[in-house]
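There are 2 protein chains.
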Amino acid sequence: MWKDRVLSSEVLRSEEGRRVKLAGWVHSIRDLGKVVFIILRDRDGMVQLVFSLNTSGRELVEQAKRLGKEYVVMVEGFVKHTEKAPGGAEVHVDRLQVVNEAEVPPHLEPDQRAKVDLDVRLDDRMLDLRRPENYAIFRINHVVLSAARRYLESEGFMEVHTPKLIATATEGGAALFPVAYFDKEAFLAQSPQLYKEQLSAVFERVYEIGPLFRAEESHTNRHLSEYVGIDVEAAFADEEDVMRVLEGMVAFVIREVTERCRKELELLRRELKPLSTPFVRLTYDEAIERLREVGIMIEWGHDLTTEAERALGRMFDGPFFIVDWPTHLKPFYIMPREDDPSRSYSFDLMYGWLE
Amino acid sequence: MWKDRVLSSEVLRSEEGRRVKLAGWVHSIRDLGKVVFIILRDRDGMVQLVFSLNTSGRELVEQAKRLGKEYVVMVEGFVKHTEKAPGGAEVHVDRLQVVNEAEVPPHLEPDQRAKVDLDVRLDDRMLDLRRPENYAIFRINHVVLSAARRYLESEGFMEVHTPKLIATATEGGAALFPVAYFDKEAFLAQSPQLYKEQLSAVFERVYEIGPLFRAEESHTNRHLSEYVGIDVEAAFADEEDVMRVLEGMVAFVIREVTERCRKELELLRRELKPLSTPFVRLTYDEAIERLREVGIMIEWGHDLTTEAERALGRMFDGPFFIVDWPTHLKPFYIMPREDDPSRSYSFDLMYGWLE
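Protein chains in written order, with numbering that gives the first Met the number 0: chain A, 0 to 354; chain B, 0 to 354.
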């Protein structure tokens with residue numbers, strides 16, 4: 000449409016007096032009578048627009064007064080540097096085109112800080128996602144995936160896509176969603192596990208980022224019917240090699256998010272500490288010993304409870320691996336240790352209390 | 000495992016006499032009595048191994064004779080340049096470790112050139128995928144996705160993942176797979192269309208690469224129950240902007256595949272012509288006129304038949320767009336033209352006879 004449109008962030012970097020075209024959404028309006036300040040939001044951030052009698056003329060100032068929040072507009076004007084504007088620059092507008100009007104319930108205005116119930120937010124999810132906090136989460140999600148892929152490709156992994164419609168279960172029969180597949184029954188894939196094992200016996204290093212489905216009835220924030228998983232599989236690798244790829248990927252992703260999402264992290268008031276590799280390796284036996292010391296008794300061979308995971312999380316500053324799990328706690332495709340078949344070549348990566 | 004393992008392609012680039020470690024699969028064996036030649040295959044290609052009395056000793060030569068096709072092996076040896084070896088270099092082995100033996104039916108040996116029925120191939124898909132032709136297809140697929148993402152990200156598109164379990168149909172009620180979602184009925188997503196429209200009204204430019212599901216009963220090579228789609232959506236764009244992104248992406252992908260998959264294209268005997276942008280734009284009206292000239296009659300307002308698409312494909316050397324489709328042939332979310340509401344702002348990209 001407007002081929003030479005620039006993004007908000009570019010305004011802040013532009014020299015004084017540069018003529019720019021912008022497009023976006025009216026985030027907020029401050030009407031001071033003779034001058035109207037509008038914060039314009041686009042995919043890249045926000046920038047202040049100024050409508051004044053001097054530059055814009057009476058008609059345009061009146062038009063600006065009639066704009067509503069979330070109206071879609073295109074504007075042209077000149078960059079002016081001033082310390083009073085957020086980011087240090089603003090655009091003095093002399094041309095305005097309203098692309099679309101909008102009717103937004105006041106409690107859903109994206110610049111609204113009050114908490115609104117989830118149900119209400121989901122009913123108007125588009126408006127809800129325009130809140131800078133949600134915007135930031137999507138942007139960070141994008142950078143996480145992009146960084147994970149970049150890391151894996153640099154390590155020689157090939158992207159694959161395995162079937163999501165499958166004939167039988169991968170990990171136990173429970174937690175599967177049945178699908179009516181023409182006149183047969185099929186299921187939604189819980190995991191690409193068996194596929195990626197076959198594929199790594201051909202392509203050596205494969206990864207998949209895609210949706211996975213688990214029909215878990217539990218309603219906690221650790222359960223989801225559908226989620227996006229990052230699956231990695233490698234041939235000619237032992238468990239130490241796999242941990243090295245995993246910790247390398249996590250550290251790289253954290254570094255990329257820290258660098259590319261500074262604005263978003265600031266907005267969400269999160270700080271990411273750089274991670275140094277290798278991460279700590281704690282054997283399952285050491286873990287239950289450490290837990291005993293703080294009064295949490297796990298009998299050898301039993302899975303760690305949520306309480307136990309939380310306690311371990313508090314003992315370590317960053318992510319850590321729990322290795323050498325009892326073989327019978329792991330699925331059939333996990334290899335028992337040669338020196339002690341009751342223990343397996345397996346690991347869980349923990350970060351705080353999250354596995 | 001072997002931290003300093005190198006890949007086959009590195010052998011071909013190594014200087015004479017360099018000591019290397021390799022791991023992979025036995026692709027073929029040529030036993031000449033005093034010397035055994037083995038082609039080793041890894042994720043990067045193939046390299047010739049030489050077992051001779053001189054370098055390897057009698058015991059190792061005997062061991063090499065007993066290897067079978069697709070055995071998994073690790074070897075160490077010295078690089079030797081010779082015109083007789085494929086690629087100009089080979090490895091004279093003095094250490095061999097058999098990681099795993101294999102039993103491969105002769106008709107499924109990956110170096111077998113005879114055609115085998117699809118059913119048989121699918122029964123042993125892992126072996127089938129080891130055939131260099133199939134390997135090449137997966138590798139090209141990987142590069143296509145990687146290049147598409149790189150192009151879209153450079154154009155400011157953000158990756159999103161939309162739900163695959165949905166409550167209602169996107170494009171007509173047919174062709175949906177029903178899922179038993181706990182005690183309710185859900186469906187598998189045919190398209191992220193409605194999601195991506197909402198998301199582009201927030202993030203402006205979004206893309207998704209993921210599985211899509213269509214319960215189409217037709218058994219042709221133009222129908223699939225499940226496939227991986229590349230979905231793109233942009234705000235502040237007209238149809239011409241969208242075509243520009245699409246043709247830019249296709250041209251970039253072709254260029255990347257040409258550069259990064261030279262070996263694979265050669266193996267598959269495919270040549271890719273570089274595409275110059277912009278692609279031809281043909282209106283629907285022009286298309287039916289051109290078809291009339293070659294004796295194919297399409298009444299205005301009717302969809303193009305497969306015969307018609309094939310005929311058009313023969314008229315153009317590269318990809319082309321058909322634009323300005325009759326509005327009623329398109330889904331409800333396609334915008335009618337302002338100057339003629341019976342025509343719409345829509346396009347199909349054609350390449351040969353493929354839409």
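Hints listed in this document are in silico derivations from the structure and should not be mistaken for laboratory results.
The beta-carbon is built from N, C-alpha and C at its ideal position, and this holds for glycine as well.
Among these hints, one or two may not hold up.
Unchecked claim - If you want the footprint, here are the derived chain B segments under chain A, 3+ residues with CB under 8 Å:
(1) 152-160
(2) 217-230
(3) 254-264
(4) 330-336
Stated by the list, open to error - Some chain A residues flagged as far from chain B (calculated, every beta-carbon gap over 12 Å):
(5) 2
(6) 84
(7) 133
(8) 185
(9) 211
(10) 265
(11) 307
Cross-check of the supplied hints:
Check on the segment 152-160 of chain B: 6 of its residues sit with their Cβ under 8 Å from a Cβ of chain A, so the three-residue criterion for coverage holds. Only residues whose C-beta sits within less than 8 Å of a C-beta in chain A count toward coverage, and the segment 217-230 of chain B has 3 of them, enough to reach three; the restraint holds. Counting residues of the segment 254-264 of chain B whose C-beta lies closer than 8 Å to any C-beta of chain A gives 0; at least three are required, and the coverage claim is violated. Residue count for the segment 330-336 of chain B with a Cβ under 8 Å from a Cβ of chain A: 0. That is fewer than the three needed, and the coverage hint is violated.
Residue-level check failed: residue 2 (chain A) sits 8 Å from the nearest beta carbon of chain B, not beyond 12 Å. Distance to chain B confirms residue 84 (chain A) as a non-interface residue, since its nearest Cβ pair spans about 23 Å, more than 12 Å. Non-interface call for residue 133 (chain A) relative to chain B: violated, since the shortest CB-CB distance, roughly 8 Å, does not exceed 12 Å. Look at residue 185 (chain A): its CB is around 8 Å from the nearest CB on chain B, not clear of 12 Å, so calling it non-interface is violated.
A beta-carbon of chain B is positioned within 12 Å of the beta-carbon of residue 211 (chain A); the least distance is around 10 Å. Once the 12 Å rule is applied to beta carbons, residue 265 (chain A) is consistent with being away from chain B; the minimum gap is 19 Å. At roughly 30 Å from the closest C-beta of chain B, the C-beta of residue 307 (chain A) stays outside 12 Å, upholding its exclusion from the interface.
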